[in-house]
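Q: One-letter residues, chain by chain:
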Amino acid sequence: MSYLKKSPWILHYDASSCNGCDIEVLACLTPLYDVERFGIINTGNPKHADIFVITGGINEQSSVVVKNIYDQIPSPKVVVAVGICAATGGVFRECYNIKGGVNTTIPVDVYVPGCAARPESIIDGIVAALSILEEKRKAMKKGETPL
Amino acid sequence: MDLMHILYGVSFILFGPLIGGIIVGLDRKLTARMQGRVGPPVLQPFYDIGKLFQKERIAVIYSENFWVIAYLIFIVATGMIFFAGGDLLLVIFALTLAHVFLIIGAFSSSSPYAHVGAQRELIQLMAIEPMVILTAVGMYQVTGSFFVIDILAYGGLLIFVLPGVFVGFLYVLTFKLRKSPFDLATSHHAHQELVKGLTTEFAGPTLGIYELAHLYETVMLLGFVYLFFGANPLTGIIAVILVYIIEIFVDNATTRITWQPALISAWIVTIVLGGLNLIGLYLL
Ligand code: SF4
Chain P
248 MSYLKKSPWI LHYDASSCNG CDIEVLACLT PLYDVERFGI INTGNPKHAD IFVITGGINE
308 QSSVVVKNIY DQIPSPKVVV AVGICAATGG VFRECYNIKG GVNTTIPVDV YVPGCAARPE
368 SIIDGIVAAL SILEEKRKAM KKGETPL
Chain H
449 MDLMHILYGV SFILFGPLIG GIIVGLDRKL TARMQGRVGP PVLQPFYDIG KLFQKERIAV
509 IYSENFWVIA YLIFIVATGM IFFAGGDLLL VIFALTLAHV FLIIGAFSSS SPYAHVGAQR
569 ELIQLMAIEP MVILTAVGMY QVTGSFFVID ILAYGGLLIF VLPGVFVGFL YVLTFKLRKS
629 PFDLATSHHA HQELVKGLTT EFAGPTLGIY ELAHLYETVM LLGFVYLFFG ANPLTGIIAV
689 ILVYIIEIFV DNATTRITWQ PALISAWIVT IVLGGLNLIG LYLL
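So the protein lines, in turn, are chains P and H.
For the first sequence, our numbering begins at 248 and goes up steadily by one.
For the second sequence, our numbering begins at 449 and goes up steadily by one.
Calculated directly from the structure, the hints in this document are not laboratory data.
Just so you know, even glycine gets a beta-carbon here, dropped at the ideal spot from N, CA and C.
It is possible that part of the hints are untrue.
Cut-off 25 Å, straight-line C-alpha distance, at most; resulting in silico cross-link-like pairs (BS3-like, lysine-lysine) [to be verified]:
| hint | chain 1 | residue 1 | chain 2 | residue 2 |
| --- | --- | --- | --- | --- |
| 1 | P | K253 | P | K389 |
| 2 | P | K388 | P | K252 |
| 3 | P | K252 | P | K346 |
| 4 | P | K253 | P | K385 |
| 5 | P | K253 | H | K477 |
| 6 | H | K477 | P | K252 |
Part of the chain H face toward chain P, derived, beta carbon under 10 Å [as the list claims (entries may be wrong)]:
| hint | residue |
| --- | --- |
| 7 | Q483 |
| 8 | G487 |
| 9 | L491 |
| 10 | Q492 |
| 11 | I497 |
| 12 | G498 |
| 13 | K499 |
| 14 | K503 |
| 15 | I506 |
| 16 | F594 |
| 17 | P629 |
| 18 | T648 |
| 19 | A651 |
| 20 | V698 |
| 21 | A701 |
| 22 | T702 |
Simulated restraints on C-beta separations [as the list claims (entries may be wrong)]:
| hint | chain 1 | residue 1 | chain 2 | residue 2 | range |
| --- | --- | --- | --- | --- | --- |
| 23 | P | I370 | H | I509 | 36 to 44 Å |
| 24 | H | L491 | P | P354 | 43 to 51 Å |
| 25 | H | T702 | P | I270 | 51 to 59 Å |
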């Protein structure tokens, strides 16, 4: 029996988002979308998190932080990149300080498109992440080290 | 203490988390409804704990696992003593010891968030301990015994003779249930100023053990509320439900306060409500 799918806790980090995607992530927690009905909780603590939600592209400063947070999340864990910036760097791609999407720093499991990504698609992305989380748990049980 | 009561005590090991989980699940549902949301399934606390035990156990300092396990063992033991009809003073002091273990567990990491959380937990203990002891003393003054069995066997409803003590106990119950405005050390709600305070450094199964212990503790504390109505089981159960709904309401209607007003108000309530009630009992 897997409880992971029923109780995914999220850690939300703003790598260098314009705040557009952040607002949409937080909108998921409001009464209108209420992700807690799926057991999803927004924790502020990497040690309690299962899903790492990142908005915005990675810049030279945030890349160390993202790597650090990722390492602190206990396995099994998945990374969801929300918004075009998190996928490729988006409109900020050519900026002098931007390294690019989240995958320049840590492995990404799910990309949620959109600028800003809509709450519905963010929820879809999280749900897609749940099955990946489950696969990783099975791999972990077999003794393989999941990413 | 006969076999029957020992059996009650042992059954607490199983029924404690079952009942506690359902109470906390209903709590989260009701909280969500008060905020205009749908809310998680009632069984969500079980899913959460199940998940935490499926996660990797990572810890910077491994001794914290030991302290958290000691916390669980002492909470379960106190609950067993309570439901077996044992000595209320023993229950109270063992409960405090359990919390001291939890605090040491939080202090054993080097995280500043966990440290501040642990310090706040110490302050909370200071704030609530006098009232909890006064509760036991009040029950002793009325029934002439510290044993839960004897207190339950007392004919009348304790609430009529100990109204001040009862209200004072409700006040500190908010600390114990980690509900707003007194959820200083760690809170159920997602974001707070200290990351997760006391539990910041607990990951995976360690956090699971902590959550499990909290379920046991919730049930035992509601048992204390029941004692005030022990003579009539039906009134007792209704009172416990009402008290918990009031706690949820207060949780949603108030904001977290700083430690100074929390400590001072708890002591004022203890002295005024608890103290006057006991003096009144003594004079009558
Ligand atoms: S994808 Fe659009 S809304 Fe989101 S962070 Fe980038 S620019 Fe802002």
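Q: Please go over all the hints and tell whether each is borne out by the structure.
A: Each hint, compared with the structure:
no. : hint                        : in the structure
1   : P/K253 - P/K389             : holds (21 Å)
2   : P/K388 - P/K252             : holds (16 Å)
3   : P/K252 - P/K346             : violated (32 Å)
4   : P/K253 - P/K385             : holds (16 Å)
5   : P/K253 - H/K477             : holds (15 Å)
6   : H/K477 - P/K252             : holds (19 Å)
7   : Q483                        : holds (6 Å)
8   : G487                        : holds (6 Å)
9   : L491                        : holds (9 Å)
10  : Q492                        : holds (5 Å)
11  : I497                        : holds (8 Å)
12  : G498                        : holds (3 Å)
13  : K499                        : holds (4 Å)
14  : K503                        : holds (5 Å)
15  : I506                        : holds (5 Å)
16  : F594                        : violated (39 Å)
17  : P629                        : violated (20 Å)
18  : T648                        : holds (6 Å)
19  : A651                        : holds (4 Å)
20  : V698                        : violated (20 Å)
21  : A701                        : violated (17 Å)
22  : T702                        : violated (20 Å)
23  : P/I370 - H/I509: 36 to 44 Å : holds (37 Å)
24  : H/L491 - P/P354: 43 to 51 Å : violated (33 Å)
25  : H/T702 - P/I270: 51 to 59 Å : violated (27 Å)
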